[in-house]
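Asker: Position chain B relative to chain A; hints supplied.
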Amino acid sequence: MEGIISGRLESILVFIAIYIILTFSVWIPFRAGLLWVAQPGYMAIGAYISAMTSREWGFPFILSMLLGVACSVAVAIIFGIPCLRFKTRALGIPIVSIGFFEIVRVCAHNFPLFGGSMGYPNIPFFSHTLPVSWFLVLIIVWFMSRLMNSRLGRAIEAMHDDEEAAASLGVNLNVIKLLVWVLSSILAALGGVLYAHYITYLKSTVFSFHLLVSICLFAVAGGMTTYWGPVAGTIILWLLPELTRELAQWRGTIYSCILIIIILFRPNGIVTKNFIIRIKAAIFH
Amino acid sequence: MELIAAQLVNGITLGSTYALVALGFTFVYSVLKLLQLAHGELIVATMYIAWQVYEWTGNMVLGFVAGMIIVIILSLLMERFGFRYLRQRQSRFHEPIVLAIAIAMLLTELFAQLFNSGEPAPFPSSITSYGAAFNIGLTTFTEKDIYIIITALIVLFGFTFFLNSTKHGRALRAVAVDWKIARLLGIPVERAAIMCFIISGALAGVTGILLEAYLGSSYPSLGGSLSFKGIAIMLFAGAGSFIGAGIMGVTLGIIEVMTLQFIGGAWRNGVAFAAIIIVLMFRPQGVFGTKY
Numbered sequence: 001m002e003g004i005i006s007g008r009l010e011s012i013l014v015f016i017a018i019y020i021i022l023t024f025s026v027w028i029p030f031r032a033g034l035l036w037v038a039q040p041g042y043m044a045i046g047a048y049i050s051a052m053t054s055r056e057w058g059f060p061f062i063l064s065m066l067l068g069v070a071c072s073v074a075v076a077i078i079f080g081i082p083c084l085r086f087k088t089r090a091l092g093i094p095i096v097s098i099g100f101f102e103i104v105r106v107c108a109h110n111f112p113l114f115g116g117s118m119g120y121p122n123i124p125f126f127s128h129t130l131p132v133s134w135f136l137v138l139i140i141v142w143f144m145s146r147l148m149n150s151r152l153g154r155a156i157e158a159m160h161d162d163e164e165a166a167a168s169l170g171v172n173l174n175v176i177k178l179l180v181w182v183l184s185s186i187l188a189a190l191g192g193v194l195y196a197h198y199i200t201y202l203k204s205t206v207f208s209f210h211l212l213v214s215i216c217l218f219a220v221a222g223g224m225t226t227y228w229g230p231v232a233g234t235i236i237l238w239l240l241p242e243l244t245r246e247l248a249q250w251r252g253t254i255y256s257c258i259l260i261i262i263i264l265f266r267p268n269g270i271v272t273k274n275f276i277i278r279i280k281a282a283i284f285h
Numbered sequence: 001m002e003l004i005a006a007q008l009v010n011g012i013t014l015g016s017t018y019a020l021v022a023l024g025f026t027f028v029y030s031v032l033k034l035l036q037l038a039h040g041e042l043i044v045a046t047m048y049i050a051w052q053v054y055e056w057t058g059n060m061v062l063g064f065v066a067g068m069i070i071v072i073i074l075s076l077l078m079e080r081f082g083f084r085y086l087r088q089r090q091s092r093f094h095e096p097i098v099l100a101i102a103i104a105m106l107l108t109e110l111f112a113q114l115f116n117s118g119e120p121a122p123f124p125s126s127i128t129s130y131g132a133a134f135n136i137g138l139t140t141f142t143e144k145d146i147y148i149i150i151t152a153l154i155v156l157f158g159f160t161f162f163l164n165s166t167k168h169g170r171a172l173r174a175v176a177v178d179w180k181i182a183r184l185l186g187i188p189v190e191r192a193a194i195m196c197f198i199i200s201g202a203l204a205g206v207t208g209i210l211l212e213a214y215l216g217s218s219y220p221s222l223g224g225s226l227s228f229k230g231i232a233i234m235l236f237a238g239a240g241s242f243i244g245a246g247i248m249g250v251t252l253g254i255i256e257v258m259t260l261q262f263i264g265g266a267w268r269n270g271v272a273f274a275a276i277i278i279v280l281m282f283r284p285q286g287v288f289g290t291k292y
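If you read the sequences in order, they're chains A and B.
Quick note, the first sequence lines up with residues 1 to 285 if you use this note's numbering.
Quick note, the second sequence lines up with residues 1 to 292 if you use this note's numbering.
No lab work stands behind these hints, which were simulated from the structure alone.
Nothing here was measured: the structure is a model prediction, and the numbers come from that model.
Possibly wrong hints are sitting among the right ones.
As the list claims (entries may be wrong) - Residues of chain B placed beyond 12 Å of chain A at every Cβ, according to the derived structure:
hint : residue
1    : Ile4
2    : Gln7
3    : Gln52
4    : Ile73
5    : Ser91
6    : Leu110
7    : Phe141
8    : Lys144
9    : Thr166
10   : Lys167
11   : Arg170
12   : Lys180
13   : Ile199
14   : Ala202
15   : Ala239
16   : Asn269
Unchecked claim - Here are some, though not all, of the chain B residues that point toward chain A, as calculated from beta-carbon distances under 10 Å:
hint : residue
17   : Arg87
18   : Leu107
19   : Val271
A virtual CB, placed ideally from N, CA and C, is assigned to each residue, including glycine.
If we strip away everything but chain A, and leave its shape as in the complex, we get (with noise of 0.2 Å):
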């Protein structure tokens, strides 16, 4: 595989790839109505944990990466069992998931055993992450292609339509709260693990409050009704910075000026349903 792609373009798609599983992991619990914002902290949580059992007692990358899910899954049940008091579209939940990432980013910077300031190096180098990361892209797509069409997907849109509503329904919110918080913990870890396995070297200022913002961007720029929002919207928004090189300093610019027209004149983001059920007709009539 090594000789076929180049470097930059090989790290260019794993880096796509490792984003549109963020990007998924923001994306659900949006969906839910829940702005759900932990998602650096899981994926703190999965690169580290995976990068000492790798680093340190030397487990195989598979058994790693379960690890990491395994330890992210734990925590968000531990932390997501006294959010259910929260209410659905409450300001108190994107507070309480930002201090719960903060918390962890500071842990993850003082504490020694995760290298301190200095960050945490020597991981060994994972070197099937470009095919494995797109094969768990495919699966998530197809996964989530399954879930929303789902009776559970169904209940997770009506949870964020009106939750009282959908309670009066039938909806058991608080097992539909915890699922999706547990699902968005395992994609945050799933991206954390590839993360960590492809850059070989962790320093806790990559998991902030700057990631996020990029992440849940991708995913509402891209479009919130659809499952291929955020797929679209990773690949737009992360190619858009790398094709406009040139520009080198105006960059940053013409991104948030370019993000700022997405909002004001398609707000639905660039995928919506209308769009892909007019490609479907283009495409098959």
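Answerer: Relative to the frame of chain A, chain B by itself:
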């Protein structure tokens, strides 16, 4: 004991700056149910414009005046071309927030490009000096501390009085509750929104001036961290409560300074956020919040 008292003074001062920032967010949220995430950037815009005018003319007062005027104009532009469009379209919940974030990103990028090539911009010592020091009891208050604390108190009580006791203030609160009914009752909703953005722009200007004195220099990503802390304090105190924002801002300042002194610098944000989370777990509407 003197150490604790001195750090208490530092904490109250830092907390007053946080409270001022949080008051800006609380005000816009109370009137328009909008999280104006670009408020931190407006504060930093004041600082940068004042610095640039000082570089050109050598006059700091001119810089402050120019900063406030330009920030009020920026605020009005945001309202006219951004948020009003979203409101008329009856946009969904997340759209104004995303727009505010995008505007904040744009402003941060512009600061990095246009002013001092992204380097931190230092302010002259005529502004940042501590001024005369007063000894009261166990501790020492400096002039700078007094200015900051008194301004925060004035803004706090001024806003509370304005929104609760004056005709215009109550009109703004009516717009906050339900703007369609407010329009039926004869309140000019468009003008209310414009006034809200003018006032918050002016507040950003004043906060920028005080932060200039307090921090000594500004850097492009300062806006982001100010917005972050401001929103956290606002939600911690309960969205819509001014006195709450003031008290919680000061509390957060004291917690941060005490953590800095007794535990160590790196844990500053962690302890502050742990406190916020624990309180919000037990009281999700915020400490002073009412409706939930």
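Asker: Does each hint fit the structure? Answer for all of them.
Answerer: Going down the list of hints, with the structure as the test:
1. Ile4: Nearest chain A Cβ is 24 Å from B/Ile4, so the label holds.
2. Gln7: 21 Å, holds
3. Gln52: The assertion about B/Gln52 holds, with a minimum of 18 Å to chain A.
4. Ile73: Label holds. Min Cβ-Cβ 18 Å, cutoff 12 Å.
5. Ser91: Check fails; 6 Å does not lie beyond 12 Å.
6. Leu110: Violated, since 6 Å does not exceed 12 Å.
7. Phe141: 31 Å, holds
8. Lys144: 29 Å, holds
9. Thr166: With a cut-off of 12 Å, B/Thr166 remains clear of chain A, as the shortest Cβ separation is near 27 Å.
10. Lys167: 29 Å, holds
11. Arg170: 24 Å, holds
12. Lys180: Holds, because the least Cβ-Cβ distance between B/Lys180 and chain A comes to about 20 Å, which exceeds 12 Å.
13. Ile199: 22 Å, holds
14. Ala202: Per Cβ check, B/Ala202 is outside 12 Å of chain A; nearest 24 Å; holds.
15. Ala239: 6 Å, violated
16. Asn269: 6 Å, violated
17. Arg87: 12 Å, violated
18. Leu107: Because about 8 Å separates B/Leu107 from the closest Cβ in chain A, which is inside the 10 Å limit, the hint holds.
19. Val271: At 8 Å from the nearest chain A Cβ, B/Val271 passes the 10 Å test, so the hint holds.
Hint compliance for this structure: hints 5, 6, 15, 16 and 17 are broken, all remaining hints hold.
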